[in-house]
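Student: Chain residues, written in single-letter form:
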Amino acid sequence: MIPDLGKYTETVLSAYGISIVLLVALVVLSVMRGRRVRTELKSVEQRMSRDG
Amino acid sequence: MIALLLRDLKLAFRAGGGFGLGLAFFLIVTVLVPFSVGPQSSLLSIIAPGVLWLGALLACLLSLDRLLALDWEDGSLDLLATAPLPLEAVVAVKSLAHWLTTGLPLVLVAPLLGVMLNLPETGFTWLVVSLLIGTPALSVIGTFGAAITVGLKRGGLLLSLLVLPLYVPTLIFGAEVARRGATGTELETPLLLLAGITTATIALLPFASAAVLKINLR
Amino acid sequence: MTITAKANSLWEYANPRKFLATSERLLPFFWLASTTCLVVGLVWGFFFTPDDYKQGSTVKIIYLHVPSALMAINCWLMMLAASLIWLVRRHHVSALAARAAAPVGIVFTLVALVTGAIWGQPMWGSWWAWDPRLTSFLILFLFYLGYVALWEAIEDPDTAADLTSVLCLVGSVFAILSRYAVNFWNQGLHQGASVMRVAAVTGSDTEEKVSNIYFFPLMLCIVGFVLLFIALVLYRTCTEIRARRIKALLARERANA
Amino acid sequence: MTLTVTDLAIARGGLALLERLNFVLEPGKALILRGPNGIGKTTLLRTLAGLQAPLAGQIQGAEDRIAYAAHADGLKPTLTVAENLSFWMSVFGTHSIQPALDRYDLNELADRQAGNLSAGQKRRAGLARLLVTGRPIWMLDEPTVSLDRNAVTMFAEAVEDHLKYGGSALIATHIDLGLEAKVLDISSNKVKPRPIEDFDGAFL
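Sequence lines, in order, name chains A, B, C and D. Here the numbering used here is used: the first residue of the first sequence is 1, the next is one more, and so on. Here the numbering used here is used: the first residue of the second sequence is 1, the next is one more, and so on. Here the numbering used here is used: the first residue of the third sequence is 1, the next is one more, and so on. Here the numbering used here is used: the first residue of the fourth sequence is 1, the next is one more, and so on.
Think of the hints as simulated: they come from the structure by calculation, not from any bench. Among the hints, a few may not be true.
[Claimed, not checked] Straight line, CA to CA, 25 Å or less: simulated DSS-like cross-link-like pairs of lysine-lysine:
{"hint": "1", "chain 1": "C", "residue 1": "18", "chain 2": "A", "residue 2": "42"}
{"hint": "2", "chain 1": "C", "residue 1": "247", "chain 2": "C", "residue 2": "54"}
{"hint": "3", "chain 1": "D", "residue 1": "190", "chain 2": "C", "residue 2": "247"}
All of these numbers come straight from a predicted model, not from anything done at the bench.
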């Protein structure tokens with residue numbers, strides 16, 4: 001399935017691997033933080049509108 | 001303004017003023033270098049200009065966190081900001097005092113340490129010249145970093161992180177002049193560029209530092 | 001009526017609530033488009049382009065290296081623009097967008113550096129060479145780190161926005177200076193090294209043209225990275241706006257307690 | 001000249017504190033600033049002294065005429081009292097520190113390093129700085145902290161003298177100084193919190 005990369009197989013695969021891991025990690029961390037902040041804001045807003 | 005300069009100098013020389021701390025640091029770093037790379041004089045004479053420049057830069061960095069933080073803590077900065085002096089002038093004078101108490105002594109002892117590192121004879125003049133022209137820029141850039149981090153409780157590490165990248169161009173051109181001086185090659189271009197950086201930072205950065213300080217004071 | 005006139009102004013989006021609403025609507029499109037472009041571009045480049053006669057299969061790294069390097073710089077430029085807008089017009093969203101973009105810039109710079117080093121290993125024979133371009137990115141990386149650290153260190157959000165904006169301005173000037181300094185500095189060390197032409201492929205100012213077979217997948221990847229950047233920044237700015245509002249609400253609660 | 005404050009609103013850390021502040025401080029008059037802790041007295045004084053920008057409104061007659069004294073005295077511990085005061089004398093371009101030393105009974109302490117003084121003595125040296133500045137409007141933030149009764153009298157006399165020669169003072173304090181002064185109570189100027197549904201550029 002993977003094309004023949006010759007003697008540079010490891011080089012190319014590691015470059016792709018590391019880059020994709022970094023980018024995916026960035027997206028996942030951003031989304032996780034986004035979700036957390038969103039729920040936190042909701043709870044704070046609810047509490048504040050209840051307490052006035 | 002002269003009063004401020006004199007006060008800062010007086011404070012630096014009084015007990016606990018920190019004068020000599022930078023010098024001692026410079027000396028120790030330079031002494032440690034042969035221990036870490038080996039005593040071959042041929043190797044030392046090659047790396048001597050770079051080591052001395054780096055040592056001077058780090059010694060300069062060491063004293064930056066006291067530059068404005070002390071005046072901040074005892075309230076003097078608030079009072080200076082309400083005094084009839086423009087804050088830009090205050091900042092510029094502070095940089096000058098820092099250079100006189102840190103940069104200038106470093107320049108003066110650098111040749112001595114050069115001897116210890118087997119700096120080639122041709123290199124001494126240019127080492128001193130490059131440091132003399134370059135260290136004012138280090139003080140002015142450092143003042144900017146100190147102004148940014150002045151309100152922070154543990155700003156020392158952050159200060160280094162902010163200031164060191166800003167030191168890159170000065171270090172590159174300054175060390176280049178010293179290196180070329182040691183090998184006796186053409187050094188007019190880096191010397192001019194170094195002088196250019198110093199002049200430009202002295203002319204412009206105090207405005208940025210004062211702006212940043214005003215933000216921190218409010 | 002004044003309301004219609006206002007709605008046509010671009011600055012209307014500086015209102016956090018309006019920004020949130022608009023972003024929420026646009027984000028699915030950007031996520032989808034960027035993923036599509038990246039997947040198609042990378043698959044095309046990885047599986048369906050031939051090896052270079054000189055660099056062999058390592059040429060495939062170009063699809064990651066060039067777009068990430070490009071966006072690493074553009075991200076800083078975007079932060080610079082956002083900082084200026086904050087300093088001049090005092091729109092909070094602008095400052096928060098700059099804050100949101102910085103970690104994205106860090107990751108892109110890191111990708112550019114890592115792919116550069118990995119690519120350099122077989123070409124130069126070592127993982128790291130103090131090639132001017134690579135060194136400049138390392139310095140850019142340090143600037144990003146300092147910028148993010150400053151944001152994290154300051155308690156008061158407006159003060160943090162002001163200080164980071166000034167740092168971004170001053171940093172930009174010094175980053176450009178460093179770029180020239182590094183070029184100057186390295187010239188003396190690696191004069192005429194022919195392998196350096198590998199690095200030359202990576203820039204827009206190169207004399208070598210990337211040939212057509214590589215061009216289309218590369219363009220697709222660049223577009224993909226641009227869209228990914230926009231999506232990430234929009235999303236993260238929304239997060240920052242909410243975090244800022246939490247902070248403001250808590251401060252208000254404390255003040256009225 | 002008179003200090004006139006019109007419709008002033010101030011903020012701390014992006015949070016609006018006080019609004020609709022209107023008052024006049026005439027030469028020869030003192031105002032005592034009153035209000036509960038945390039309402040923004042310090043912020044108000046700092047705003048008037050020009051250390052931070054007001055949220056709205058106008059301050060007239062403050063430019064380069066205000067001497068500000070806060071909790072910190074701005075004394076350098078390794079300089080003597082005389083050196084500290086002389087420094088501020090040169091900065092403000094006045095001519096003598098002697099009246100200030102006399103007024104706060106600092107002559108015997110003049111050659112002592114400020115770091116060796118007691119808290120009350122330091123405070124006295126800090127207040128003496130006001131006389132050295134030669135500025136007509138004093139902005140004082142809890143000036144009597146750590147002063148004994150004797151020193152408080154000294155301070156009150158200094159203020160009275162200052163007023164007699166056409167100066168004015170705005171003093172945030174909780175104790176009675178025995179001055180003939182109007183009280184400026186800012187409790188009613190506290191900003192009413194807006195409903196949290198309001199979600200605009202400032203997030204509140």
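Student: Which of the numbered hints above does this structure break?
Tutor: 2
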